[in-house]
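*Asks:* Chains A and B, in that order, give the protein sequences. Just so we're aligned, residue 1 is where the first sequence starts under UniProt numbering, counting upward by one. Just so we're aligned, residue 1 is where the second sequence starts under UniProt numbering, counting upward by one.
These are computed hints drawn from the structure, not numbers from a lab. Some hints here could point you the wrong way.
[Unchecked claim] Here are the simulated SDA-like cross-link-like pairs (lysine to any residue), alpha carbons at most 25 Å apart as the crow flies:
(1) B:K5 <-> B:Q58
(2) B:K95 <-> B:D127
(3) B:K95 <-> A:R45
(4) B:K91 <-> A:P89
(5) A:K65 <-> A:T121
(6) B:K57 <-> A:T121
(7) A:K108 <-> B:Q58
(8) B:K91 <-> B:G9
(9) A:K65 <-> B:G9
(10) A:K60 <-> B:K122
(11) B:K57 <-> A:E85
(12) B:K95 <-> A:P25
(13) A:K60 <-> B:G88
(14) B:K95 <-> A:T22
(15) B:K95 <-> A:Y21
(16) B:K122 <-> A:P89
A quick note: this is a predicted structure, and the numbers were derived from the prediction, not measured.
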Amino acid sequence: MATGGVVSDLDKGDVLGPVEYTLSPFVVREYSHAVEMHHPCFQGREGDLVMPPTLIHLDKLRLYKDACPGGTGPSARIHFEYDVEVFEPVRVGDRLSVRGDITDRYQKNGRDYVVLQMELTNVATGRLVVRYVDRVILAYRSAEKAA
Amino acid sequence: MNAEKLEPGSEFSLAPRPMTRERMRWYVDAQPTIAADDGRIHTQEPTIHDDDEYARKQGLPGIIADGMISTNWILGLLIDVYGPAVAGRCKLRTKYVAPIYEDQIVITRARVTGVEPSGDGKACRLDVWCEDDAGTKLTTGEATVFV
């Protein structure tokens, strides 16, 4: 188990969170603005706003902050695959709980890869609303070149 | 729903966009801004997405775009075509097959590959991708939307 250290030490079997938060209109609008999704469901009136499914990716940072207080580690990560399934809308004001499981860590061509599966649950209903699998390379430079 | 949008083989795209330094920085600074969720703008330490020197230290030739920008552009295209319900129920998987560098032209595309009954409606399967102005794939993936 590597939780409590830095992100680059995370290993298969590690559990991150759960972390609870309430989805705010500021977060939905700010994120959507940054990626130029100017649709009313993301940047309109507060009562109309829903969470962009891509926003789950930033919940990873909530989990890292909680589980890896030492920060990133020696190298920048490269995110290379995003894989989401959304089961029902997540609305502004919803109380949410996110949990992460490191389901794999492996080496390929001298690089370390980590797979994180995250589940987002609506606290009031207890229902799973989003499942997300995030795949990263822990360092762009291969271990051989970095040595 | 326009029936044409449901036909296998139907293809949609966004207007070409250059991946500018500003677009990369918008995403970088959105992350701490969203983490703080206090209505103010926050900025980040140097990253591979906004600082050339830091990117070169990590083995890159210069800054590269965060892959989630292209994923969000794909999501935006799906919402343009199929409406806001996509944000409340969908599957989307993207893989970053080539780095996107500063000033590279990015064209976001989707093509319907299948339509099948699902509950009271239909499930549309699509290939989704971003390519440069020479047709080289930068991001690839697939999506399912429910209409």
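*Asks:* Now tell me, hint by hint, if it's right for this structure.
*Replies:* Each hint tested on the structure:
no. : hint             : result
1   : B:K5 <-> B:Q58   : violated, 43 Å
2   : B:K95 <-> B:D127 : holds, 12 Å
3   : B:K95 <-> A:R45  : violated, 33 Å
4   : B:K91 <-> A:P89  : holds, 13 Å
5   : A:K65 <-> A:T121 : holds, 19 Å
6   : B:K57 <-> A:T121 : violated, 39 Å
7   : A:K108 <-> B:Q58 : holds, 18 Å
8   : B:K91 <-> B:G9   : holds, 19 Å
9   : A:K65 <-> B:G9   : violated, 44 Å
10  : A:K60 <-> B:K122 : violated, 32 Å
11  : B:K57 <-> A:E85  : violated, 36 Å
12  : B:K95 <-> A:P25  : violated, 29 Å
13  : A:K60 <-> B:G88  : holds, 20 Å
14  : B:K95 <-> A:T22  : violated, 29 Å
15  : B:K95 <-> A:Y21  : violated, 28 Å
16  : B:K122 <-> A:P89 : holds, 18 Å
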